[in-house]
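Protein sequence lines correspond, in order, to chains A and B. Residues in the first sequence are numbered from 38 upward in steps of one, following the numbering used here. Residues in the second sequence are numbered from 21 upward in steps of one, following the numbering used here.
Read the hints as simulated data drawn from the structure, not as lab findings. Beta carbons are placed, not taken as given, at the ideal position from N, Cα and C, and that holds for glycine.
Here's a subset of chain A near chain B, in silico, CB distances under 7 Å, partners left out: (1) I66; (2) I70; (3) M85; (4) T101.
When the alpha-carbon atoms are kept at most 25 Å apart in a straight line, the in silico DSS-like pairs for lysine-lysine are as follows: (5) A/K73 - B/K200; (6) B/K80 - B/K283; (7) B/K540 - B/K530; (8) A/K187 - A/K176; (9) A/K190 - B/K283; (10) B/K84 - B/K283.
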Amino acid sequence: MLGAFAVGKTSLVQQYVNSIFSEKYQTTIGVKIDQKQLIIDGQDITLMLWDLYGDDDFMKMKPTYLIGASGYLLVADGTRSETIDVAIQLQAMAAATTNNAPFILLINKSDLDETWEIAPETLLRLQQRGWQVLLTSAKKDLMVDEAFEKLAKMMLA
Amino acid sequence: MEKATPQDPEQLAEAARLNELRRLLIGLSQEELRRLQLLLSDPHEFAEELSQLLPYAIRKMIEKGEITVDNLLPFVEDAMHKSIQKNPQRLADILFPVMGPAIRKAVSEDLKRMIAAINASLESGLSPKTLKWRLQAMTSKRSFAEIVLANSYVYHVSHVFLIHRETGLLLHEEQAAESKSLEADLISSMLTAIRDFAQDSFKQATPGSLDEIQVGELKILVEQGPFAVLAAIIEGQPPADYRLTLMETIEAVHYNHVVDLEKFNGDTTVFRHTAKFLQQCLIKAKKTSTSKPPYLLMAFLFLGMAGLGYFLVQRYQHTKLLKSFANALESQAGYHLTNSDVKGRTIYISGLKDPLAAGPDSIREAMNIENRSLEMHFDAYVSADPAILLKRARVFLNPPSGVNLSLSGQTLIVSGKADAAWVQQLGQLTALPDGIQAVDDTGLNQLASDLTWIIPAIEEKSFGFDVNVIKLDNQQQIVFDSLVRAALELENYNQIYNKTLAIYVRSYTKRSNNALANEKVARQRAEEFISLLERSGVKKDLLKSQVLFAEDLNENVSLRTVHFAVFDKNQSGND
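Extracted from the complex, chain A is given alone in its bound form:
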């Protein structure tokens, strides 16, 4: 899980799994790890979800945590357009570190229509670059399971 500060990465993970580690790990060592068992096309899959600390001025994400990743979810906040820029920067770094592992861009907080800031053209432009983009809402549990399962399928492909 990569993304700017307070875009809802942890909420998405919380919506998807039950964690044994507390969130304080994120603020202490910069990562919280969760696990999700699922079946894709009749195959047992274990997803190890590394929820990385939001990239902001106070604490930079540690690139080391990306090493060995099979795929990643880039998360942006639909009500803050600048988080898309952060996501783009993070993707560039992640692509290099993970040797172009598959990823999906999640535009979170899709339930907040009235404060939505991201223009459809922006998303269209990213899709034209080959990016997979999904609109999610951790709060309303919209497209959360689908996002993780889709990434799993992409990683298996």
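Here the structure of chain A is known, so what remains is to put chain B in place on it, guided by the hints.
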């Protein structure tokens, strides 16, 4: 490439046709043929070409399973062996960059091991357990350190994780039978994250340097390999060489699964074969005893010490008391101790004792000593102690109360007053008490005779009567009683001193006016008085009547009175 030289156009066309024919026949251009020819004719060139292909070919063969690493080992080993024999310096040069870190790591491991051993020794402390180990070391001829190392480790390896180094994914997990299941996948990832965090945060130059995490009694030992990491969860203090076990295990895993690890794609099923290696790491050592202080033993020791102390104090006091008793007895007159010895709770005393010496009981009771604590044996002897000499003299002489006895050397000094009989007895002694050589009785006075008070007591009495009356009034009765006591004493006196004293009962009258009649009346009066005395207990033979005439006397006397005089019957004759 062969250079084209300007030639005859006919020749060029022929050559082109020939080339075309070659290409059609064998599919190779002349250039390619020339290169093949060069390879065949020049061994150096051929070897150069082959050297590029061989590693790739071998890798392919290993991947296909046509040959194994084991098949290649003898050749490689043999080659290395010969190479080292031929030129050792070459291998030294190759190993030089590796040996430094390897040696450093070995030294560091040894230091860690030593510190762990010291920690374990300190943890054991100076307990009865350590004393037992020292005894073991002495009897088994092994060093104490060896015994400590063999005994002091108390640990339990509950889980061993094999983790893919790059992805942090769990490859395989083994756990002790009695341990509870952990979220192994999550823990593996988290361990990897922590390792990455430490490495990132502290900018470690050497990767994989997070070797140990300790949380209270729980310890996670991490052993790094090139592709995988081994993590052991341990409760307590493992033996120092446990790190070596982990190293050997991770090496074995790499040796057997190097391709699987290198080409890991997320499928962990192949790593189930690492179970046999990982299980070797699940070791434990039972606690031989709890580390709490041995309260029970301490209590026993304390009670034992207290009991021993009490016994020693009691014995010391008892011995002291018995010795005091012996000293007191020795200083007592009439004793001479020849031996005194304390054995257990009894004192044995032997010696000499004068029969007149006081018994030991008064001293024993004064000192509150039980009779059963004493074993005494005395032979009789004659003591020359002054106190005993005096005692002996007193028994021998039986002096009356007015007599004092004292000693001057061996001379008995007798002083005071004694009656004539005792004085006479003393003067007639034919033998003296033992230990007394002489008697000095110059200070002894004989008591005056009792007559001095009896005779006046008798003779001072007188009774006056009316005519023809012999009757005592109340006043006279008191005087009469006194007279009777004196008369009775006179009788005793006669008996003691063998005397014959008697009392005249004198009745006074006058010659004038019929002397005879007067005498008769007077005698009768005397006789009647005698009978009065007789009735009071005075013996008759002590009494004698006597009539005296006033005219015969030189003094004035009252008539019709009775007086008394003491006389000796043997000397007076018949009056």
